[in-house]
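J.: Listed below are the residues making up each chain.
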Amino acid sequence: MFRAEKISRSFRSGTVETTALRDVSLKVNPGEFVSIMGPSGCGKSTLLNILGTLDRPTSGDFWIKDENVSRYSEAKLAEVRRRHIGFVFQSFNLIDQLTVRENVELALRYRKTGAQERRLKAGLAMERFGIAHRADHRPSQLSGGQQQRVAVARALVTEPDLILADEPTGNLDSHHGEDVMGALKSLNDEGATLVMVTHSPAHASYAGRTIRLFDGEIMTSQDNSVSQSPREEN
Amino acid sequence: MLSWLTVVWRHMLSDKLFTLITILSLSLGAMCAVLVGAYLQEELSYEAWLPDSKNIYRLETSVTQSGQNSRPTVSTFYGMKTEFDGVVSDQVSQTRVAYDFFSIGENDDRETYRIAFADPNFFDVFEFNFIEGDPDTALADPNSLVLTETVSKRFFGDRSPIGETLDVWTHSDGVVTAVIADLPRETHLEISVISHIDNSAIRDGLQVRNGWNGLSVRHYFRTQDGQPSQSFEQNIETYAQQFLDKNFDKSEGIKVEFELMPIRNVHFSAAKSGDLKTRGNPGQLKLFTGVSIVILLASGLNFSILSIVRAMSRTREVGLRKALGASRARLLKDYLAEAGVYIFLSLLVGFAAAELFHPVFETLVGHELSLSTLHSPVFLILVAFVGIALVGVIGILPALYLSGLKPSVALRSDQKIGGSTVGNSLLLTIQFSAAIALVTAILIMFAQIRLIDSKPLGFEAVDRLAIYGVQRGPTETIVRLETLRTLLNDEAGILGISGVNALPDWGRDASGLIYPEGRSAVESANAAYLYVDAEFLKTFEIPIIAGRDFDETYASDRALKGNNDLSQLSDQLPVIITRAALANFGISDIEDIVGQSAGMQIDGVDFDIQIIGVTDDLNYKSLHYKAEPMVFIPKPGSMSVFLVHFDGSRHTEVMDALNAAWSRTYPNQNLNIRYIDAELAEQYDEDRQLLRLATAFAVLAIFVAILGAFGLSAFTIERRKREIGIRKALGAKGGDIAGMLAWQFVKPIIVACLIAWPLSWWFMSGWLQQFAYKVSFSPRFFIISGGIGVILAVLATGSQILRRAKTSPSIELQS
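If you read the protein sequences in the order shown, they are chains A and B.
Using UniProt numbering, read the first sequence as starting at 1 and increasing by one per residue.
Using UniProt numbering, read the second sequence as starting at 1 and increasing by one per residue.
There's no promise every hint is true.
Dumping the calculated DSS-like pairs for lysine-lysine here, alpha-carbon to alpha-carbon at most 27 Å [claimed, not checked]:
(1) B:Lys406 x A:Lys27
(2) B:Lys406 x A:Lys65
(3) A:Lys76 x B:Lys406
Estimated spans, in silico, between C-beta atoms of each pair [claimed, not checked]:
(4) A:Ser143 x B:Leu426: 41 to 49 Å
(5) A:Ser143 x B:Val751: 32 to 40 Å
(6) A:Lys112 x B:Ser14: 25 to 33 Å
Short derived list, chain B residues pointing at chain A, Cβ under 10 Å [as the list claims (entries may be wrong)]:
(7) Leu5
(8) Trp9
(9) His267
(10) Arg330
Derived from the structure by calculation, the hints contain no laboratory data.
Note that the structure is a prediction, hence the values are computed from the model and not measured.
From the three backbone atoms N, C-alpha and C, an ideal C-beta is built for every residue, glycine too.
Could you put together the complete structure from these sequences and hints?
T.: As structure tokens, this is what we get:
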């Protein structure tokens with residue numbers, strides 16, 4: 001379970017202080033799929049960074065299972081990320097000097113997973129997202145949709161407790177966007193916990209719950225299971 | 001490991017410009033360091049090849065005449081050996097060697113060598129590598145000859161020379177008893193032929209040489225226990241003084257001191273009279289080491305700073321790696337290892353370049369450099385250590401910077417991070433400081449060498465040649481010179497012939513005392529003297545400014561022709577002095593000095609002189625020294641070289657005539673000539689060599705700086721693309737943009753000038769100290785070097801600046 005309690009995050013630039021998040025409390029249960037929506041600058045990415053331990057809250061606490069990680073050092077946070085978290089980014093963030101396989105394996109390397117096991121797990125993940133035949137290509141040789149599927153494969157290959165997706169379809173056309181959403185949904189169906197930031201209400205409806213942020217605060221939290229299923233919508 | 005290397009390799013390929021610039025400059029730095037390292041190792045390993053060299057000492061002598069500077073020499077007195085028998089024991093052995101030039105060979109097949117005449121136990125002290133023969137008996141007979149391999153090949157080809165004969169000039173039939181391997185360069189000894197110290201070629205000369213002329217042999221001791229014991233040193237001192245008491249009159253006011261010099265220290269000890277080889281120059285060694293370290297670090301800086309600047313394009317990668325759970329320590333390790341790959345690859349390239357370019361470096365340092373130094377395991381280990389140190393010094397900055405990026409910041413796409421402007425300016429400032437300092441130094445050196453080349457010396461050196469090896473007995477030498485003169489008198493192209501005891505470039509430090517009539521030697525002043533024949537001043541075209549030149553129609557001018565002994569003079573000896581010697585008499589009007597009587601003392605002998613003429617001042621020694629007071633003494637019996645003034649346009653005829661006359665005057669002896677102007681130029685060989693090396697270093701430093709500036713402009717201007725687009729959209733013209741960008745690179749160069757100028761001023765005033773005649777520090781040296789720095793910086797960055805200035809803003813804003 002992931003639990004944020006009254007977390008705030010402010011940034012200082014010279015003498016000007018901007019508050020990106022204000023007293024946000026949020027609980028994500030295992031197996032849940034939560035989407036976060038809101039206008040530009042409302043604090044979505046900041047919230048996601050804190051959930052992903054890429055950033056620390058200025059105040060408030062963030063709990064992963066029974067650990068309060070909000071005051072952890074940089075080194076300990078790196079370890080938390082290794083153990084618990086997988087990322088999918090809007091701009092894929094694949095390393096172009098690595099092949100597809102090496103990109104997928106990268107997170108396993110940091111976990112000091114043995115070479116054989118790495119190869120097996122990466123192979124399965126690529127197989128699953130239909131990119132195994134591209135294993136020895138460089139990311140730049142792939143289409144956007146394929147690249148994002150590589151990123152998704154990389155996020156799940158470590159079997160993280162939480163997968164964070166920051167506008168995963170933002171750089172994709174609608175066809176490839178649906179493709180990636182399908183992949184994420186199927187992960188969730190198999191029990192993975194996901195938190196996704198998105199601008200698209202249609203993609204948000206893949207999630208079980210949608211949180212709307214405005215000006216650094218949670219406005220609404222809506223259970224999607226009582227509304228229309230996205231698949232019926234299409 | 002392999003896959004990691006593959007990834008680093010892909011990184012290198014993906015940014016070819018960065019890879020090219022950093023590897024090129026780092027390998028240049030490495031090449032420079034490797035070559036200077038090899039040079040350094042060689043310079044510091046003098047005598048190390050000789051077995052037990054750390055236990056071998058040379059006894060050196062320092063003679064101080066009353067009121068004069070001491071004259072240190074590498075020689076001691078021939079007769080001292082028996083005196084030292086008391087110190088020689090099982091633990092200590094002693095041996096002597098005397099050098100002299102002789103031609104050896106058979107009939108007309110001859111060659112002149114500086115022959116080493118040594119005691120029979122010479123090889124107990126110096127364990128040379130014997131190819132043939134037995135070191136214990138090689139010098140048993142006075143006629144023994146030990147040849148080096150080269151000399152043996154010269155006369156006997158590949159056959160064994162043992163038992164063959166070669167005559168030593170006309171004195172003795174030498175019998176070859178052994179062949180030794182050629183000595184390596186790293187020794188103070190000069191050995192091509194060794195004979196017995198009692199060989200009749202020099203025996204009489206050595207044994208009759210007494211008094212202060214007796215400083216004629218090099219005396220070596222070899223101890224067994226390393227450090228000579230205190231009692232050994234004391235004994236040496238006691239016995240040496242005993243020898244002096246027996247042989248010299250203390251009342252002459254002469255003080256003699258002895259010093260035991262470990263031969264391992266000879267190469268870097270102060271120059272002394274009798275040195276056969278150029279000494280090592282510790283200052284120059286330090287300078288080269290310093291400059292090559294600066295170039296290596298400057299090239300390393302290219303890597304450091306450009307890595308940080310380029311890090312901008314890698315921030316997302318860092319963010320991602322961190323998001324995937326890489327700790328800072330892990331990334332630090334990765335980026336350091338990556339730096340290691342660049343650095344070791346560069347070392348490898350640098351090493352190969354050093355191998356490739358070492359002949360060029362050899363030309364620059366003026367001698368061969370043994371490549372084996374480069375291949376020795378010690379050297380390779382040293383290089384590996386330097387590599388690791390470099391990873392620590394220049395790899396740490398970018399690694400710290402990259403690994404320290406915050407993941408949440410690094411992942412944002414529109415970053416303006418990477419490469420502080422302070423760092424960029426620092427790169428340019430440091431590199432251009434080194435380059436500008438070197439350029440200033442070179443400009444000053446050039447000016448100084450031009451000054452030396454153009455300064456009138458007071459005598460004419462062009463179209464004069466010196467003939468060596470002419471000395472016989474006093475009367476005999478005069479007769480031979482006169483024969484030669486008669487034979488050549490009517491030959492076309494020969495303009496004059498004379499003789500003297502020392503040539504300008506000999507740096508001979510012989511001076512006597514001169515004092516006005518009625519005073520004594522105690523109240524005297526120093527004056528250098530030359531023993532000349534009557535034609536000397538005419539041959540060198542030294543103008544008389546008062547009085548007359550020597551003229552042998554005067555009986556007084558011939559006073560020493562029959563009897564070459566100053567102590568036997570019955571009348572005043574006519575001499576000619578230089579203007580500088582006037583001060584010794586307190587006379588300012590040169591006409592007043594002519595006809596004055598005075599006293600002189602040379603080597604403890606007092607004699608009366610009369611001044612018959614005055615010449616202008618002469619720079620008879622190199623321009624490192626001031627023109628000193630000089631006295632020309634008509635003592636032709638002491639001539640050791642003949643001088644020939646010839647018509648340069650008829651060189652071939654002159655040489656034919658000279659050869660013909662020579663073979664009639666000195667049958668059985670090779671004609672051994674040197675051109676005076678060439679010899680004079682050689683006095684500045686070291687200075688020119690320094691200039692050549694400094695130029696080479698400067699070119700390297702400039703090249704590294706240009707690479708750095710070019711790389712910096714390529715990466716930083718790229719980063720300002722959007723800003724430039726916005727400025728253009730707001731109405732900035734191409735020229736405004738170019739000016740703004742150029743200023744960014746010129747500013748640090750101005751700071752570099754402020755660092756470089758005082759540095760080069762300080763260093764060059766030290767260097768100029770060694771010249772008595774020096775250029776003054778003109779502002780133009782500094783302005784030119786600064787200007788060169790600015791121009792180079794603008795040229796290096798210009799292409800990038802112009803490209804940016806010309807691009808359409810719509811393209812820039814798209815990015």
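J.: Please work out if Lys76 of chain A and Lys406 of chain B have their alpha carbons no farther apart than 27 Å.
T.: The given pair, whose Cα atoms are some 14 Å apart, holds under the 27 Å limit.
J.: Is the shortest C-beta separation between Arg330 of chain B and chain A less than 10 Å?
T.: holds, 7 Å
J.: Next item in the hint list is Trp9 of chain B. Is there a CB on chain A closer than 10 Å to its CB?
T.: holds, 9 Å
J.: Taking the least C-beta to C-beta distance, is His267 of chain B closer than 10 Å to chain A?
T.: Constraint on His267 of chain B not satisfied, violated at 53 Å.
J.: Is the gap between the beta carbons of Ser143 of chain A and Leu426 of chain B within 41 to 49 Å?
T.: Roughly 44 Å apart at Cβ, these two residues keep to the hinted range, so it holds.
J.: Using Cβ atoms only, decide whether Leu5 of chain B comes closer than 10 Å to chain A, and label the hint accordingly.
T.: violated, 12 Å
J.: Does the hinted range 25 to 33 Å hold for Lys112 of chain A and Ser14 of chain B at CB?
T.: holds, 27 Å
J.: Starting from Lys406 of chain B, check that the Cα of Lys27 of chain A is at most 27 Å away, please.
T.: At roughly 26 Å apart (the allowed maximum being 27 Å), Lys27 of chain A and Lys406 of chain B satisfy the hint.
J.: Between Ser143 of chain A and Val751 of chain B, does the C-beta distance stay in 32 to 40 Å?
T.: This hint is violated: roughly 51 Å between Cβ atoms.
J.: Checking one constraint from the list: CA of Lys406 of chain B to CA of Lys65 of chain A, max 27 Å. Satisfied?
T.: holds, 25 Å
In terms of the numbered hints stated before, the structure departs from hints 5, 7 and 9, listed from lowest to highest.
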